[in-house]
Structure formats: structure tokens, C-alpha cells
Amino acid sequence: MSEITSSDLDRRTLLRRAAAVGLAATPAVGMLSACVGGGTEEDAPEQATGEKSADNPLGVDPKAGIEVLIFDGGLGTKYATDVDIPLYNKKWPDSKVTYSATQEVATVVQPRINAGDAPDMINNSGSKLMDFGAVVNAGQAQDLTELFAAPSWDVAGKTVAETLVPGAIEQGTYNGKPYAVNYAYTVYGLWHNKALFAKNGWTPPETWADFTALLDRIKAAGITPYGYAGANAAYYQVRAILTSAGKIGGEQVLKDIDNLKPGAWTNDAVVKAAAAWAEVGKNYIDKSFLGLKHTEVQLRQNQDKLAFYPCGSWLENEQAKDTPPGFEYALAAYPSVTTSDALPASALNAAAGEIYFAAAKSKNPRGGMEYLRAMLAKEAALGFTKLTKSLTVVAGAADGVTISPGLTSANDAVGKAGKDIFMGYLFDTWYKKLDDESRVATNDLMFKDYDAQKFAERMEKAAQAVASDASVTKFTRS
Amino acid sequence: MRHGKYPFIIGFLAVPVALYGTFVVAAYIQTFQLAFTSWSGLGPITYNGFDNFERLWNDDLFWRSVGHNLYLLILLPIITIAIALVFAFLLNEGGGMHRGVRGSKFYRVIFFFPQLMALAIVAVIFGRVFSTDESGMLNGLFPDSWSPWLFLADERWALTCILAVMVWQAVGFYVVLFSAGMGSIEREVYEAAALDGASRISVFFKITIPLLWGTLQVAWVYLGIAAFDAFALVNIMSVDRGGPDGATSVLSMMIYRNAFEYSQAGYASAIGVALFFLTLTFAALTLRVTRREAH
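Here the protein sequences line up with chains A and B, keeping their order.
Reminder that position 78 of the first sequence reads as 78 in full-length UniProt numbering, one-by-one numbering, no gaps.
Reminder that position 69 of the second sequence reads as 69 in full-length UniProt numbering, one-by-one numbering, no gaps.
Simulated from the structure, these hints should not be mistaken for laboratory data.
Ideal placement from N, C-alpha and C gives every residue a C-beta, glycine not left out.
There could be a bad hint or two in this list.
Restraint-style ranges between C-beta atoms, simulated for each label pair [unchecked claim]: (1) A/Gln453 with B/Thr160: 46 to 56 Å; (2) B/Leu70 with A/Glu457: 41 to 51 Å; (3) B/Asp144 with A/Pro324: 36 to 46 Å; (4) A/Thr173 with B/Phe23: 39 to 49 Å; (5) A/Gly400 with B/Asp144: 35 to 45 Å; (6) A/Thr107 with B/Leu70: 22 to 32 Å; (7) A/Glu51 with B/Asn58: 21 to 31 Å; (8) A/Ala465 with B/Ile121: 31 to 41 Å; (9) A/Pro262 with B/Ala118: 32 to 42 Å; (10) A/Asn89 with B/Leu70: 54 to 64 Å; (11) A/Pro262 with B/Tyr20: 30 to 40 Å.
With the Cβ distance kept under 7 Å, some of the chain A side facing chain B (calculated, not the full set) [as the list claims (entries may be wrong)]: (12) Gln103; (13) Ala106; (14) Ala134; (15) Ala138; (16) Gln140; (17) Ala231; (18) Ser288; (19) Leu290; (20) Lys433; (21) Glu437; (22) Arg439; (23) Val440.
If you want the footprint, here are the derived chain B segments under chain A, 3+ residues with CB under 8 Å [unchecked claim]: (24) 75 to 86; (25) 124 to 132; (26) 151 to 165; (27) 251 to 263.
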């Protein structure tokens, strides 16, 4: 090996070279402008359009190809390759669908958008998703008003909008116009193994007193009662805390948080919820979870070493291949924190998630929209549910179909909640920085200082910093 | 060779210089330009003067990140060079009469191994080593009553764990570098010392170190530059990328997050400019010191 560093190194040459390396290696700087710098004045490429007709409501050019980009995460990509693309191609056989998948949406797509070479339909998801508010603000997302007004792909006599669950379009609406299809319908709650609970005679609690009593019994049985992965899944716990806050004070509490209203985070409901959860953190969490990742903590649940895990309904599918036989995923609503909660114990946080959008400045945005219309077909929605064990925003698409235990229990919970289903919050997609701060503050609350007041004040400060930052585009909801 | 020297040099340099100019210098210039804008990373660019730098000045996380980079800048070279020197001395016995311990060639290859592994793989492996539960190698070694040690999840130790990995990865290269340096020291010097009855320790401090000084300084510059980066390890190993609670945040991490996650390319560029000047200052200082030491 010594020839690598032959002994008569000329020190001065080496130093000079080192200085050059120093310039070249000042990390990330060059990368930054190389990646995001690109063209900024670019014109959109010539866009494909076709004749509008009853059969072609969006005016797609039948010969123009489309490019779709799918996030390869918890839902997998099979639904795209095995269901959506074939469905699209059945109607448009001359349109070549170019498909790709990635786990790093922002780093792959953002430079392409800047270079004027965006894929036509993009699934903006995962932990490295693009700040969608910024995408909308930059005029890079196609206005989907036409799509929702178009006739449904396979439900006769209805528009696309009329086939969706209530609230589905609102969630992708930015300052009054729809830009995204939030496709997957996610139910959030406390996931547990129904078989384990049945064996031990444990029943999911409705009041907080029942909850902590149960956690004590689970602890006595030698099982970690509650936990989440601090290293990369703190946002599950953020959702748990804010769902409790929403239940205590009503949905207005969460709307205020989204709207960056002063005092929204120091609201009594938020502090009470944080204090209740901090107790759980203090007494029932395994401290080592702070350094573990989602999959590592999930493994423990699969081995029945962990009882409750707060998560969304994609969990069952994500864990499908690692779930041992006899393990039955089930979802329970978060228990009431106080006896005077604004919403009942059965109330659920369920929301449309997973952003799919057509890029406005791609080569074929109409094709991208048409692809979204295909995804919103009942046939495609059913295929998605079967493959991913997740419901979609297409109403009733999975009715009468046998589905997995976890999804069945989520469906039951939705039924039990009735009208008390609330969409939750949007600040995490609107203001990524605030989202990150909420994760850090939650980890502190649950693993370290257990101080609800400090949590609330820290988040309030971060929210007001975003509110006063002129470079961040603001959104509101009502 | 003198004849036609310039056409020869220009012919060879034109292409690399053009490439460097396009992909490095131009990118830098653009970064400087973007630092004065509130560009989101998408869409129109608006200039906002020194706003980004004012914000930077008041940003706690920025100063903490600078502190973390400086911590690495000081400790990474010192620890790495110290360990590498000891290993190299043992392998070569300072270039003395005997050529190092038995199997020294084998050790040299072993020491060099970490250098051959992709940084991402190193990060993932050490993520497991430092894992906070009993599946983690270190926690598995400790008796149950000690564990779990939180390592990367503990604010006080997280950055030190990352430093340890950086040292582990770098040491091998410098062992080889110093071995080569020691090999070039005249044997007669050692023979004279041996005849005078010098101990190994005094040979090391009075002969090897002074004669190796130049190589040490080169090592210092390289390690210093590595300490300004640390992005890959922090990104993969740390809790919530830069955590817990910002305890491992470094400047490169801040640039990445602001540019690609917070849609604040303008602000990210301003951090990039700050990092540029920090690196430049470091390089200039080191070169300055070296010039005084030369000859």
C-alpha cells in the first residue's frame, strides 16, 4: 500500500492541493446551487393537449406519453404498476406511461421541476417530501378544478368530486383552489395486538384513568406498555398529543394551530394533553426508544414486547411481511383525557393523506390529471385497498370486500365514531420547519423533561417565528 | 521540455479548468447571489439584501452548529493523528533498526480497511453498534444494570459518538501516510540514536515527530476539512437528523435542511457562504502557519 503515499511527498504540493480540496470540498455549497440553481426563468415545455369530448373530458392528447413518479414507502408501488397504469393504458393504449419510483422525492424531483423537466404526475410523500405549499406557491402544481368537475372514470352519472368522501378535496385545497389529490384515507389511533389483549383480558380504554390502569397491568406483565420510535417517528407521538388536544378542546384548537394564531399552542387543551402524555412518557416508555427507528420499535411490537404503538392505518401493510402468524393488528381510539372533553372517547382523527399531484409545467399535465382520474376510479381504488390494506378517499370503494383484521378494526372505529371524525391538522405539511420543531419538542417531552408547559411555550415560540417570517408562504383554513 | 511548455500545459489544463469553472466556481458565484434572496428553491427570485445574514446572526441553531463544527475541527485531527502516530510507530518502530512488530504488513492492511468502506455503510453499521437497546453491540457488551446507554440519543454524548466514528474511519489512512513518512527518514539517524542508547520514547519524540512534521501538517489540513463536513454521518446516524434537540447539528446539515426541507434556498445559501468563509479562514490560517514553519 505504500505506493499510494510514496515517501517523497512534496509537502508544498500537497498543501497546495489540500487548499484546492478545501475549496472543492466545502460541502454542500456547490451541490446546493448545482441542484436547485438550475433555470429559474425557464418556459414550460410545449404541452400536449387534445380535443375535449364526452369520452375525453380533460382534453388529453391520446398519443402523448406521460411520466409518473411514485414514492416507494409504506404503501409500496405495486398499486401503480399493477392497477393504475394498466387501467390508464386500457383507455389510452397509444400513450406510453413512463414509470419510476423513489424514496427521496424532494432531492429527485425538485431539481427536475427547476429544470423544467417535471414528471407529469408526482406522488409527493415520505419523510423527504417536497414542501407542497412552496410547490403550489411557485405555480408548479396543476389546478385540479377541472379534474374534480369531470365525470367519474367508472361511476356513471357522477363527477369525480361526487365519488369522494367528505373533506377529501378540502385537504388538498390551498387558499381556495384544489391542487392535490390526498388519496389514502388514514385512520390514526393506538395500534395493538388483539390476540395478545384477548389472551390477557385487556380491553382498550375509554378514559385516561382506565388507560393508565391498563398500562400498569401491562407493565406488571413484563411488557413495555407504550412506545414510539424517537429517532425517526416522533411525529406519530405529535399526532397522539394533538389528537388528545383536539378531543379536549374541540377541533378549533387544531385550526388555531394551523392558522398560527397567537396562543394556539399555549391553549389549555394543548397543555393538558401534553401533561397527560408526559406522564405516559415518564412511567411507561422504554427510554431506549428515543434512539430507535420505527421499524425497530415495530419489531418489538410484533414480538409482543410492546403493547401500544401510536400510528396511522398504513402500519399493517408496512409490517405485512414481518407480522408473525397469530398477530392481529387492531386500532383503538385515543382515550378521553378529561371527563369534560369536547369530543367523545370514540372520536377519531382520520384524514386523507399521501399527496398526488399533476405538475403544471410538465410536458403533459393533462395526461397527469387524467392519470389522477384513473386513480380515482372505483376499480383503481379497490385495487389500491386490496394491495395496500389502506382505504382511499373514493367513498365505498371497498364495501362488501373482505379486508385484513387491522383495516376491519379501523373501519369499525370509523363507524363507531360516526360524525365525530376530525381531519386533524395541516401545519406539518404547510410549515415543515414547525413540523420538525414539534418532533424535537415531543421527544423532549416524552423522554426527558416531561414538562408540558415548556413544550407548549417552545412550540408557541416556534409557531410565532414562522408567523413573522416573511419568506414563508402562509396558509389558512376554517 | 522547456520548449513549447505553455501550449502543453494549456492543452492539458483547458478542459479541467473549464469543468471546474462551470461546476464549482459558477455554482459558488450563484450561491453568493442566492444568499441575498428569499428564494424558496422553486419559482421567482426576490432580493432581500442582508436579511438572511441578519437572521443567521440571530439563529441559535446556527451558532450551535458552528460550535459543533469547531468541536470536530479541534478534536478530530488531534485524536486521529495521535492514534495514527502510535500505530504507525509500532508498525515501523519509527523506521528504526527493526521493521515494526510481527505481522505489521497485515496490520497495515487491516488499519486501512475502514477507509475502503463507503461512509454510508460505516454510518449504518455504527448506528447498530450504538443502538440504544440490547441489540446494540455496545449495550450488549455491558452488564444489564448499566444499560441501556443512550449513546446517540443522549445529548451529551451524541456528537462524541459521531466523532468516534470519524476517527475510526480516518485513522487507517493516516497510519499508512505516517508509515510512508517514517520510511523516508534516514536510517542513519536512528542508528546514531540507537548507538547513543536512546529509549524508544525519546526516539519517538526527538527524532520521529520532528522529522515527520511536514506530513503531520498535511494530515491536519485534510482532517480539518473533513471536520467541516460530517454531513453523511450526522444525516444517517443522529436521532431525527441533527438531534437529539440539535445536539449533533452541523452546518452542512443545516444547509441541506433549509434548502430541501424548509424550502429556504436563500437562507441555505447564506449558511453556505458562511461555511465557505469558515473553511477559507481555516485553510488560510493553516497555510500561513505552515509557511512560517517551512525550512
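Outcome of the hint check:
no. : hint                               : in the structure
1   : A/Gln453 with B/Thr160: 46 to 56 Å : 31 Å, violated
2   : B/Leu70 with A/Glu457: 41 to 51 Å  : 30 Å, violated
3   : B/Asp144 with A/Pro324: 36 to 46 Å : 26 Å, violated
4   : A/Thr173 with B/Phe23: 39 to 49 Å  : 41 Å, holds
5   : A/Gly400 with B/Asp144: 35 to 45 Å : 52 Å, violated
6   : A/Thr107 with B/Leu70: 22 to 32 Å  : 28 Å, holds
7   : A/Glu51 with B/Asn58: 21 to 31 Å   : 57 Å, violated
8   : A/Ala465 with B/Ile121: 31 to 41 Å : 38 Å, holds
9   : A/Pro262 with B/Ala118: 32 to 42 Å : 48 Å, violated
10  : A/Asn89 with B/Leu70: 54 to 64 Å   : 57 Å, holds
11  : A/Pro262 with B/Tyr20: 30 to 40 Å  : 51 Å, violated
12  : Gln103                             : 14 Å, violated
13  : Ala106                             : 5 Å, holds
14  : Ala134                             : 4 Å, holds
15  : Ala138                             : 3 Å, holds
16  : Gln140                             : 6 Å, holds
17  : Ala231                             : 5 Å, holds
18  : Ser288                             : 4 Å, holds
19  : Leu290                             : 4 Å, holds
20  : Lys433                             : 5 Å, holds
21  : Glu437                             : 10 Å, violated
22  : Arg439                             : 6 Å, holds
23  : Val440                             : 5 Å, holds
24  : 75 to 86                           : violated (count 0)
25  : 124 to 132                         : holds (count 3)
26  : 151 to 165                         : holds (count 3)
27  : 251 to 263                         : holds (count 9)
Hint violations for this structure: numbers 1, 2, 3, 5, 7, 9, 11, 12, 21 and 24, all remaining hints satisfied.
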